[in-house]
Structures are given as structure tokens and as C-alpha cells.
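Asker: Take these sequences, add in the hints, and give me the full structure.
There are 2 protein chains.
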Amino acid sequence: MSARPTLESKVAVVMAGGKGTRFWPRSRSSKPKQFLAIAGEETLLHQTVRRLEGHFEPRHVFIVTTAELADETRRMLPELPLENILVEPEGRNTAPCLALSLVEIERRVPDGVMVVLSADHWIGDPEVFNEDVEIAVKHAVEARELVVFGIRPTYPESGYGYIEAEGSGTVQKVLAFREKPPLEVALQYLETGRHYWNAGMFVWTLADLREGLLQHCPEVLQPLDEWIKTGGHAATLPAAYGQLPQVAIDVALMEKAQNVALVPTRFRWSDVGSWPAAIGFHEADGEGNVVQGQAILLDVHNCAFFGGDRLIAASGLRDLIVVDEADALLICHRDQAQSVKKIVERLKQEGREDLL
Amino acid sequence: MSARPTLESKVAVVMAGGKGTRFWPRSRSSKPKQFLAIAGEETLLHQTVRRLEGHFEPRHVFIVTTAELADETRRMLPELPLENILVEPEGRNTAPCLALSLVEIERRVPDGVMVVLSADHWIGDPEVFNEDVEIAVKHAVEARELVVFGIRPTYPESGYGYIEAEGSGTVQKVLAFREKPPLEVALQYLETGRHYWNAGMFVWTLADLREGLLQHCPEVLQPLDEWIKTGGHAATLPAAYGQLPQVAIDVALMEKAQNVALVPTRFRWSDVGSWPAAIGFHEADGEGNVVQGQAILLDVHNCAFFGGDRLIAASGLRDLIVVDEADALLICHRDQAQSVKKIVERLKQEGREDLL
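Residue numbers (the numbering used here), protein chains in the order written: chain R, 1 to 356; chain G, 1 to 356.
Since the hints were made in silico from the structure, they are not lab data. One thing to keep in mind: the hints can contain errors.
Claimed, not checked - Heads up, incomplete: computed chain G residues facing chain R, CB under 7 Å, no partners named:
1. P110
2. F177
3. V185
4. L297
5. N302
6. G308
7. S315
8. G316
9. D327
10. L329
11. S339
12. K342
13. I343
14. L355
15. L356
Claimed, not checked - Label-pair ranges, simulated between beta-carbon atoms:
16. G:G288 / R:A37: 34 to 42 Å
17. R:G286 / G:P81: 40 to 48 Å
18. R:K348 / G:E53: 54 to 62 Å
19. G:D319 / R:K348: 24 to 32 Å
20. G:S30 / R:E350: 29 to 37 Å
21. G:R352 / R:A37: 21 to 29 Å
22. G:G242 / R:A37: 52 to 60 Å
23. R:D299 / G:G351: 19 to 27 Å
24. R:A326 / G:R352: 32 to 40 Å
25. R:K348 / G:G351: 37 to 45 Å
26. R:A326 / G:G288: 24 to 32 Å
27. R:A37 / G:D319: 28 to 36 Å
Quantities reported herein were computed from a predicted structural model and do not represent experimental measurements. Note that CB positions come from ideal geometry on N, CA and C, so glycine has one too.
Answerer: Pasting the structure below:
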């Protein structure tokens with residue numbers, strides 16, 4: 001189905017369907033993390049697309065998002081062709097998302113090499129990033145392997161999946177994918193120097209993705225191939241999409257495939273996974289406080305205020321995070337940021353859809 | 001000028017011109033403490049007037065307020081005759097305020113006995129309060145003395161003036177008024193049992209107030225007498241009022257007069273002077289938290305949330321006061337409530353009249 005891939009036919013697939021409850025009350029179901037400017041002046045989505053400028057043709061940049069977020073995504077990215085915003089009828093994890101991207105892009109760039117990215121990650125060095133992408137694309141085209149980027153761990157994070165690799169060059173052999181480890185295992189991973197964080201960024205030719213899916217998880221591709229054969233109309237997609245298993249691409253493909261390579265990244269990276277992580281992207285004053293919006297602070301240390309139009313006056317505070325939205329206010333200890341998840345759960349239980 | 005006073009001719013004068021910056025951001029220059037429901041379901045002003053019901057005729061209840069607050073005060077108290085809302089052209093402390101009340105009420109209730117109250121104090125026992133008022137009124141009428149209520153101190157407050165009295169009955173002889181004492185002196189006062197808090201509540205006949213002012217501070221009354229003689233029109237009041245010295249009734253009259261008696265109060269009293277004081281009037285949950293409005297609390301102890309329409313979600317907090325208004329948010333440690341004053345000062349310096 002696909003023509004012979006070339007270095008020039010690379011396409012970016014930016015997965016932008018995240019729910020993002022961890023930045024409540026700033027993030028909502030209709031305003032997930034990628035729509036927020038929590039790490040810099042621009043939203044993470046804008047940063048992600050800007051980073052590709054000059055390296056990918058606009059018609060080769062695709063965004064995959066959900067029906068709920070599609071309008072806002074199109075509005076935010078007028079520089080992309082409207083038809084490059086691919087719409088999942090519903091979120092069904094990354095394997096269906098990428099299978100849909102595959103059949104959609106095969107129609108337009110049949111010899112494409114797909115660079116899979118996330119819309120809500122921060123990357124510090126765009127030029128280095130694009131150099132690493134080139135290395136991965138070249139390997140995918142020439143060696144016909146599935147390439148995953150590996151982030152060198154800086155601390156024993158137990159919330160990420162790891163990839164064990166072999167070798168020391170710019171392209172390494174993948175030995176195994178490792179699930180989120182307990183802390184003591186994460187510590188061992190950190191010490192080996194052979195384990196990388198799996199940030200969900202991949203490079204492969206369309207042909208190899210097709211072949212891999214058909215071999216290891218055909219049920220995620222076949223209903224979409226049928227859909228294409230019968231015209232590939234938007235109206236009939238939900239029925240086809242609803243048949244796909246809800247599975248991650250790591251499980252559906254990467255953990256099973258043998259032809260997998262790893263490119264260790266050299267750019268700075270963060271998934272900006274929580275309010276404390278977001279604080280790190282803002283300059284603190286002499287007292288360790290970060291202020292977005294207007295604030296009067298008296299005897300306040302090591303606090304972060306993500307405000308809006310309202311004035312925030314604070315006195316005698318330590319180690320707090322304050323997020324001020326029009327309809328909700330979050331005040332939590334820096335060490336309790338994980339409780340945002342519990343708060344969102346509670347709102348769900350209480351039927352407060354207006355706040356979610 | 002005044003006829004012979006009787007017990008039936010008692011009038012209440014509720015001083016309601018307070019600025020009230022201590023409850024910022026809930027209190028503003030246009031919405032001082034007496035307009036807030038910070039100690040109970042009703043505003044302090046409403047509570048003050050309700051407390052008099054059945055004991056004072058509505059036409060004998062006067063409110064003295066400033067031009068800025070007059071409209072809202074009239075709106076809040078439709079049960080009072082409109083002309084009973086007396087309007088100070090400007091705030092000039094309590095002696096001018098009471099001199100104006102004197103000349104206004106002499107015109108309507110010439111044999112009046114004036115009961116001076118504050119609009120922004122909390123009183124726990126309305127019936128006991130009215131009994132104490134009766135004792136004071138009776139003494140003012142029969143003994144022709146100036147009566148001050150004395151609150152029995154419960155702790156060594158250094159922010160109040162004290163009154164030293166002699167005797168043990170329901171009416172005592174005043175020996176001296178004492179200014180706000182340093183803490184060690186306040187401790188001594190507490191131990192003597194002869195010192196009372198001066199809450200600025202007085203009872204006197206109109207005739208005795210007139211005589212006392214003419215003797216001890218005629219400059220606070222004579223311009224108003226001239227104003228009455230020339231017709232007492234609203235249009236000419238500001239010029240007359242502007243001539244009055246800015247002085248408290250305690251200094252102008254009470255500290256100098258010899259015919260002063262004290263009625264020790266038996267009702268519970270608070271001037272609700274700060275956010276921590278206000279917290280005491282709300283029922284706390286099992287974790288010591290007070291919540292006004294909607295809140296989701298996780299691992300939160302000994303905090304108070306004075307919210308509004310917005311949801312407040314909090315996690316991992318101790319000993320904080322949160323006051324949430326449409327245009328401003330206060331978060332302060334319970335022990336730092338005095339810093340509200342500094343915050344208000346800062347807003348003045350920054351020209352943020354919109355928030356004051």
C-alpha cells in the first residue's frame with residue numbers, strides 16, 4: 001500500500017487527545033494540558049508545532065485529537081491545513097490513535113515516515129530535538145526498524161515506563177520494554193546507564209508500522225482498513241473505531257516487535273506532569289515564590305500563585321500552590337499536588353461536570 | 001431645650017459609619033463590617049437593629065452613618081423611618097457624630113434618653129442586653145449621670161481602652177478612663193477585677209449630653225447649634241460639620257466629666273475585630289475547619305474558608321484563613337491576620353481604589 005519511504009517524506013503525528021486532570025482547575029476536559037501555557041509563554045501545543053517549523057512541511061504535520069477538542073485545536077493552529085487535524089471519534093488509547101493516523105496519512109503521503117510526538121511535553125532544545133529526529137528518521141528509512149526515543153533518566157521516577165537498550169551510539173538495540181517499576185527497581189535502572197525513560201515518541205515508516213500492526217495486533221488495524229475500503233467517510237468512522245481494542249502502542253506493537261531500535265535523546269525533556277513540575281518552568285523571586293498574575297505577598301516563601309485577573313493577597317505562607325480560576329480555586333501544599341487527582345474524582349462523584 | 005426625660009422616651013443611636021478595613025477583601029470602603037454577616041446569618045447592622053425590637057419604637061431608633069453608606073443603610077433597614085438615618089457629611093470621629101445626633105434628635109424627641117450603640121458589635125444575649133440597657137437608662141434618668149457600659153475583660157487585650165470603676169452593684173462609680181495599655185498593664189487590669197473594657201456604648205439624657213458637651217467641649221456642639229438656628233438644612237450641614245474638631249467622645253466628654261457611672265454588662269459581647277475573631281462565630285467541623293460556601297477539603301485542619309460562589313479545593317493545609325471575593329483573594333496564616341491592614345495600606349499606595 002505504501003511507496004518506498006524517503007527522508008523527505010517525513011510526517012509528524014502529534015497526539016493531542018489528552019484529558020489532563022492533573023492541572024485542575026486550570027485544565028478541564030475541554031481544556032487539557034496541551035492548551036495551557038504552563039511551561040513558557042506559549043501553550044504546549046503551540047510549542048510542539050513551532051518546534052517542527054522549518055523541519056516539516058505544514059502539510060506533513062498532523063494533529064490527532066478528539067471530537068471534543070477538534071474545533072479549538074483547529075482554531076489554535078491556523079498555519080496547518082484543516083484536514084491535517086485528524087479526529088478520533090473517542091479516546092481509545094494510543095494504538096487505535098496511531099492506526100487511524102496510519103490509514104489517514106497513507107492516503108496523502110503514501111511513502112511517509114511517521115514521527116510520533118506528544119502535544120503536551122516540553123522540550124528544551126528545538127535544534128537538538130530536530131537533529132535527533134533526523135537520526136531516527138534516517139535509521140527508520142535505512143534499517144527499516146521501529147525507532148523509539150529514549151530519555152536518559154535523571155532520577156528514579158517510578159511513574160514512567162523504561163526501555164532497556166544495548167550499545168552506546170546514536171542508535172541502540174532495544175532489549176526490552178519495562179513497565180513502571182517500583183522505586184527500588186527504578187533506582188537500579190538509574191544505576192545501569194542502560195535504561196531509558198519511554199516518553200511515547202516513535203519514528204517508523206508507514207510501511208513498517210502497517211506490517212508491525214498486522215503481525216502483532218491486526219485487530220487494531222483491520223476495521224480501519226475496511227473503513228477505508230468502503231470510502232473512509234467521517235460518518236462511518238465511529239462504528240469502525242468503536243471496534244478497536246483500547247490498547248497502548250507499547251503493548252500492541254513495541255513490546256512484541258523484534259526490529260526495534262532506540263535513539264537516546266540529547267534534548268532536555270519534561271512531560272510537565274503536575275503543578276510542582278510546572279513551577280520549575282517559571283522564574284522564582286528571592287523568596288522562592290512564583291507568581292503568575294497579580295499578587296501582594298507578605299512573609300510568603302516557596303509558594304506558587306497561578307492567578308488570573310483577581311488580585312491575590314497572601315501572608316504568612318510556606319510551600320503552597322494556589323491556582324485561581326473563575327469558577328474554582330485550588331490551594332494545596334506542594335507535597336500534596338497528587339491530591340488534585342482525588343479532588344477531580346470527588347467532583348466526578350458529586351456530578352460537578354461544570355467544573356471538570 | 002430638652003423637656004424632662006422619662007424612661008419611655010429612650011432613643012437608640014446606632015453609630016454605623018465604620019470604615020472596616022480589617023475584613024478585607026470582604027469589607028470595602030462601600031461595604032464596611034456592619035454590612036457583613038461575619039458573626040451569624042444576619043449582618044451585624046441587622047442584628048443590632050433586631051436586638052432593639054420590642055424595646056425601642058422604630059421612630060426612636062436612629063442610625064448615624066456617612067453619606068457614602070446612607071443609601072445602602074436605608075435599603076437594608078426598611079422598617080425604620082427614612083428620616084431616622086442621620087447622615088454625617090464626613091467621618092470626624094465619635095464626638096461630632098454624637099453632637100449631630102443630639103441636635104437632630106432634640107428636634108424630634110426633646111425629652112429623649114440616648115442609648116449609644118455600635119452597628120458592628122456582636123452581642124450574644126438580646127434579652128440580657130435590653131435589661132442592662134434598662135438599668136442604664138433608669139440611672140441616667142434618675143441620677144442624671146452619664147452612663148458607660150463596662151465589659152468585663154476575659155483576657156488582657158491591649159487594643160481596647162479600659163474604665164476603672166469602684167463598687168460592686170449594677171451601677172458603679174467611674175474612677176478613671178484608661179487608654180489602651182501595654183500588655184503588662186492589661187494583665188494587671190485583668191487581675192484587679194475593677195477594670196472594664198470600654199466598648200463605646202453610652203446612655204445619657206439629651207439634656208445631660210448637651211450640658212456635658214457645652215461644659216467640656218463646646219466647639220463640637222456650637223457650630224451645630226448655629227446650623228439648627230439658621231434652619232438646619234441638609235445643604236448647609238457640611239460647612240458646619242467641617243468646623244467640628246475630630247475627637248472621640250471619650251476624650252471630648254467622658255474623661256473630663258465628673259458625673260460618670262458604669263453599668264457592668266452581663267451580656268456576651270465581641271467587637272469581631274478581625275478574621276480570627278469572626279471564625280469563632282462559625283461552627284467548626286471535626287478537623288477544626290470552618291467553611292462558608294462550597295469546599296472540598298483533603299487533609300486540611302484548623303482552617304477557615306470564607307468563600308462565595310466558587311468552589312474551593314484545598315489539600316494539605318494547616319491554620320490558614322482564606323477569603324474569596326469576586327475581584328480579590330486573601331490567603332493568610334491565622335496568626336498573621338493583622339497583616340490584612342498592611343495589605344490594605346499597600347493597595348492604597350498602589351492606587352488600587354477599585355479594591356478598597
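Asker: Among all the numbered hints in the text so far, which are the ones the structure does not match?
Answerer: Violated hints (numbers, rising): 1, 2, 3, 4, 5, 6, 15, 17, 18 and 24; every other hint is consistent with the structure.
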